[in-house]
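Engineer: So you can see what is in the structure, the chains are spelled out below.
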Amino acid sequence: MGDVLVSARGLEVHFPVRGKGKAAGVLRAVDGVDLDVLRGETLGLVGESGCGKSTLGNALLRLVPPTGGSVTFDGTDVTSLDRRGLKEMRRRAGMVFQDPFASLDPRRTVAQTVSEPLEVHGLRSGKRERATRVAELLELVGLDPAVAGRYPHEFSGGQRQRVGIARALAGEPDFLVCDEAIASLDVSVQAQVLNLLRRLQRQLGLTLLFISHDLSAVRHISDRIAVMYLGRIVEIGPAAAVGSDPQMPYTQALLSAVPVPHPAKERARERIVLRGDVPSPSDVPSGCRFRTRCPYVFEPCDDVDPALQPAGAPGQLAACHLHGVEGTPVTRTPEGVTADP
Amino acid sequence: MSIQPTPGPPPYQEPDGERRPETPEEPPGGSPQRESRPPPTLRPARPRWQETLSLLAHNPTAAIASVVLLLIVVVAVFDDTFASEGANEISVTDRLQPPSWEHPFGTDDLGRDILSRVILGASVSLRVGFLAVGFALVVGTLIGLLAGYYGKRVDDVLMRFMDMLFAFPAVLLAIAVLAVRGPGSGNTALAIGIVYTPIFARVTRASVLGVREEVYVRASRSVGASDWRILTRHILPNAAPPIIVQTSISLAFAVLAEAALSFLGLGTQPPNPSWGLMLAEGRGFIELAWWLAFFPGMAIFLTVLCFNLLGDGLRDVLDPRQRTQMAGGSRAAGAAAAAETGGNA
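Heads up: the protein sequence lines correspond to chains A and B, in order. Residue numbers for the first sequence follow this note's numbering, beginning at 1 and rising by one. Residue numbers for the second sequence follow this note's numbering, beginning at 342 and rising by one.
Treat the hints as calculated values from the structure; they're not laboratory data. Just so it is clear, CB atoms sit at the ideal spot from N, CA and C, and this is done for glycine as well. It cannot be assumed that every hint is accurate.
Stated by the list, open to error - Distance windows between CB atoms, simulated:
id	chain 1	residue 1	chain 2	residue 2	range
1	A	75	B	491	31 to 41 Å
2	B	527	A	49	37 to 47 Å
3	A	80	B	414	48 to 58 Å
4	B	412	A	184	11 to 21 Å
5	A	9	B	390	50 to 60 Å
6	B	491	A	9	57 to 67 Å
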């Protein structure tokens, strides 16, 4: 751990919106994200649906073309890679998709699906070598190699997700993006797949970007957690710090919504209920993008977009004026928040 | 946990549901080794086309249609063996004989045996049909694939061109092609093929548009697969069912179109027979000798009917939802049980 494997700087993914008539706007799915994924770590990315988590994951692998900013993968600029470079990058970075029922080609056997990266990158020459490697991979993800000749519709959701993981691992990647990889599974199966991912991460020394809206799952698996709101990272830090002492009001609200598996604590749990809805990503508020729902809003929030700044534990960053407006510390009192003179 | 053999057919299970709890994830490092393992293979347990054929065999209408079509094709291929010699030879003494033991379908106004000419005509009509649909299938599918996959400019240019062809009435367009290239069965096939190309392009494009957005296409791209690979290995196989159905229905229409063009004197040239041409020639004698037009007409009717029935059957069999109901249930349960590993550790 230590050095940066994947890094995004000012990453933007804007989609054109064709409205009725001429009013064509842009949907800011990812809007100025700075993110470093350290080699060998598991970074959890949380946020409510529609906040741009998946788009960010896809943009890091250039499955969605970024409209601005840059992504570097192990030192090379991903946005300017040529065809060959892109292919090699995609060998070194795998992706596990949300819906295991949609992410496997129904007309190809498990073996054909898992061996596709081997064929594409010429990693094993000859059918026998590929078949042996497929058997290894299936065993690695906890499937019986004898099922290699079967079709996806013959498997359960958890088993299919294992096939999806085997495919992502076939190219011996350094980096694995799990895009809501457990969201569409039964709870009991979720835990198994989660543990499988954690075992693989340790066994193979993978760097994992674990995208989920499930905070408990993210806390369970991650070394660090990044919180996303309306296309921007609003808080990032060590999993323990972000999970127990969040510094950004949005993270606090998000965490307060997680049930506690203890009756007395659960009854005592104080919930922060946010007002209103998430603003549309095609009409982002000025200043701080969380100000329309923030319980602590004060005057700089209207005009100044807060940058990520150190807050709380070492290594923890939050994008909030409560931790200082453009370098000036602020005081929080029961009446409200004022900037120090 | 142990897997008990279930007597009789396993109970119906939802194809989408979790069938049984999976084994818990073992702690890191300790993966139990199996003692004997079947030799690794990448081939499916049972090829998909075999499954398709067996499903088709269980659909009585489609099965009968296939058998009749097979018979017609065999007769058409070995027409020289089945037809008596000299089917084009004129014999004035035998003219306009009604059906008899010697001439089961009767003779025409020039004394030629109609059964023999229907057999020879099968060869001509089917060859034109297969050539025409083959041309339309290859060209149309290619255009549809490219238009549907790349979209935008490519789509606009290709599909507007197809719309142009589509805008002409089919027979008029075929007549125009034949007027340029001259009559004859090869040119007839080309003309009909050009007429049907836009249909295949449209069917393919529509199907590709749906498949293109599938997650497994994105998944394939995420492991570095090229456009060509994605098109041929993922998109074409998954977009194929409507194209296959369109093929069998178009074969029926192509046989009819050949008949129509020959009827107009632009297709097969006398004295060679084709079903359409015989129909046209028999028209003048319909009150005097009904068998001249009746038997080639029946041949067309039977062939077209069988192609249509086969097309309907294929559409049912290739529909994945129906397929799961017909074949998926029993095998899926076994697979779920077999897929688990480390269960006895």
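Engineer: Is 48 to 58 Å right for how far apart the beta carbons of residue 80 of chain A and residue 414 of chain B are?
Structural biologist: holds, 57 Å
Engineer: Given a hinted range of 11 to 21 Å, is it respected by the beta-carbon distance of residue 412 of chain B and residue 184 of chain A?
Structural biologist: Cβ of residue 412 of chain B to Cβ of residue 184 of chain A: about 50 Å, so the range 11 to 21 Å is violated.
Engineer: Quick check: does the Cβ-Cβ distance between residue 9 of chain A and residue 390 of chain B fall within 50 to 60 Å?
Structural biologist: Once the Cβ atoms are compared, 51 Å apart, the range 50 to 60 Å for residue 390 of chain B and residue 9 of chain A holds.
Engineer: Given the hint of 31 to 41 Å, is the C-beta distance from residue 75 of chain A to residue 491 of chain B inside that range or not?
Structural biologist: holds, 33 Å
Engineer: Could you see if the CB distance from residue 491 of chain B to residue 9 of chain A stays within 57 to 67 Å?
Structural biologist: violated, 31 Å
Engineer: Per the hint of 37 to 47 Å, is the separation of the Cβ atoms of residue 527 of chain B and residue 49 of chain A within bounds?
Structural biologist: violated, 60 Å
Comparing the model with each earlier hint shows violations of hints 2, 4, 6; every other hint is respected.
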